[in-house]
Amino acid sequence: MVQIFNDYKDHADFLTVYVREAHPTDEWQMKSNVKDDVCYAQPKNLAQRVAIANDFIKRFNYPIEFGIDDINDAADGAYSAWPERFYIIDEKGRIAYRGGMGPFHYDPKEVRAWLAQRYGEVKHDAPAPPTTTTSSTAPAS
Amino acid sequence: MNPIWKWTIGIVLVLLIAAFIGLSVMAGSPKDAYGMVRYAFPHMHRGTLKVGDDAPDARLVSLDGSNHFHIREKTGARPLVVIFGSYT
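Protein chains in written order, with our numbering: chain A, 1 to 141; chain B, 142 to 229.
To be clear, the hints were calculated from the coordinates, so they are not data collected in a lab.
Everything numeric in this text was worked out from a predicted model, so none of it was measured.
Just so you know, not all the hints are guaranteed correct.
Claimed, not checked - Each computed DSBU-like pair below joins lysine-lysine, with the alpha-carbon atoms no more than 30 Å apart:
(1) Lys9/A with Lys58/A
(2) Lys44/A with Lys31/A
(3) Lys35/A with Lys215/B
(4) Lys44/A with Lys92/A
(5) Lys123/A with Lys44/A
(6) Lys92/A with Lys172/B
(7) Lys31/A with Lys147/B
(8) Lys9/A with Lys191/B
(9) Lys109/A with Lys147/B
(10) Lys9/A with Lys215/B
(11) Lys9/A with Lys92/A
(12) Lys58/A with Lys215/B
(13) Lys123/A with Lys215/B
(14) Lys109/A with Lys191/B
(15) Lys44/A with Lys147/B
(16) Lys58/A with Lys109/A
(17) Lys172/B with Lys9/A
(18) Lys215/B with Lys92/A
Claimed, not checked - Quick look at which bits of chain A chain B covers, simulated, 3 or more residues with Cβ under 8 Å:
(19) 9-21
(20) 90-98
All C-beta atoms, glycine included, are put in the ideal place defined by N, C-alpha and C.
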């Protein structure tokens with residue numbers, strides 16, 4: 001998503017809204033959370049939610065503007081956002097794009113396609129193939 | 142017991158087991174299937190918002206924990222891409 005932000009930040013505004021945790025330790029924790037050292041209990045108050053949001057920002061040096069849903073989950077309720085979802089709101093304040101509900105229907109490519117249709121496609125060079133050299137780094141046998 | 146009841150109970154049990162196995166495969170493990178049923182399904186709401194609807198407003202808290210702003214304050218000049226999610 002950060003790549004889409006970098007590609008289209010001159011045309012559109014971006015806002016991340018942090019909603020209630022999807023896989024906290026006291027609910028449905030995933031193995032991947034343990035592996036990635038992302039282990040948090042479900043926040044019971046706003047201060048805890050703010051603390052986790054700040055951890056996320058610091059860890060990933062996240063560049064997109066950030067807002068935190070109230071502990072009463074008002075934004076989540078208004079947008080049916082949990083666990084993850086995209087929307088695009090147009091200049092008139094209307095829903096221009098409504099993404100599917102994550103994780104199964106959460107598709108950043110649809111957001112990119114909406115922006116590309118309006119502002120043009122941003123192409124990236126394909127990653128360079130691994131280079132092969134004649135000097136081997138393998139240990140001598 | 143009436144044979145019809147026996148068959149009915151048997152079929153329901155088989156369907157429940159099949160559903161749990163299917164959910165386990167989809168979620169990744171029986172534990173994840175339980176998590177999905179216990180914690181995810183009750184909070185998942187497809188919602189009624191449609192393309193063309195007025196975007197609802199909601200008050201958000203800034204990262205400093207004390208200042209607030211509204212989603213609709215950010216709309217108007219350009220399209221606003223809103224990314225909902227959490228850390229975990």
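Each hint, compared with the structure:
| no. | hint | in the structure |
| --- | --- | --- |
| 1 | Lys9/A with Lys58/A | holds, 21 Å |
| 2 | Lys44/A with Lys31/A | holds, 23 Å |
| 3 | Lys35/A with Lys215/B | violated, 36 Å |
| 4 | Lys44/A with Lys92/A | violated, 36 Å |
| 5 | Lys123/A with Lys44/A | violated, 43 Å |
| 6 | Lys92/A with Lys172/B | violated, 45 Å |
| 7 | Lys31/A with Lys147/B | violated, 40 Å |
| 8 | Lys9/A with Lys191/B | holds, 25 Å |
| 9 | Lys109/A with Lys147/B | violated, 50 Å |
| 10 | Lys9/A with Lys215/B | holds, 14 Å |
| 11 | Lys9/A with Lys92/A | holds, 19 Å |
| 12 | Lys58/A with Lys215/B | holds, 23 Å |
| 13 | Lys123/A with Lys215/B | holds, 28 Å |
| 14 | Lys109/A with Lys191/B | holds, 19 Å |
| 15 | Lys44/A with Lys147/B | violated, 47 Å |
| 16 | Lys58/A with Lys109/A | holds, 26 Å |
| 17 | Lys172/B with Lys9/A | violated, 41 Å |
| 18 | Lys215/B with Lys92/A | holds, 12 Å |
| 19 | 9-21 | holds (count 11) |
| 20 | 90-98 | holds (count 8) |
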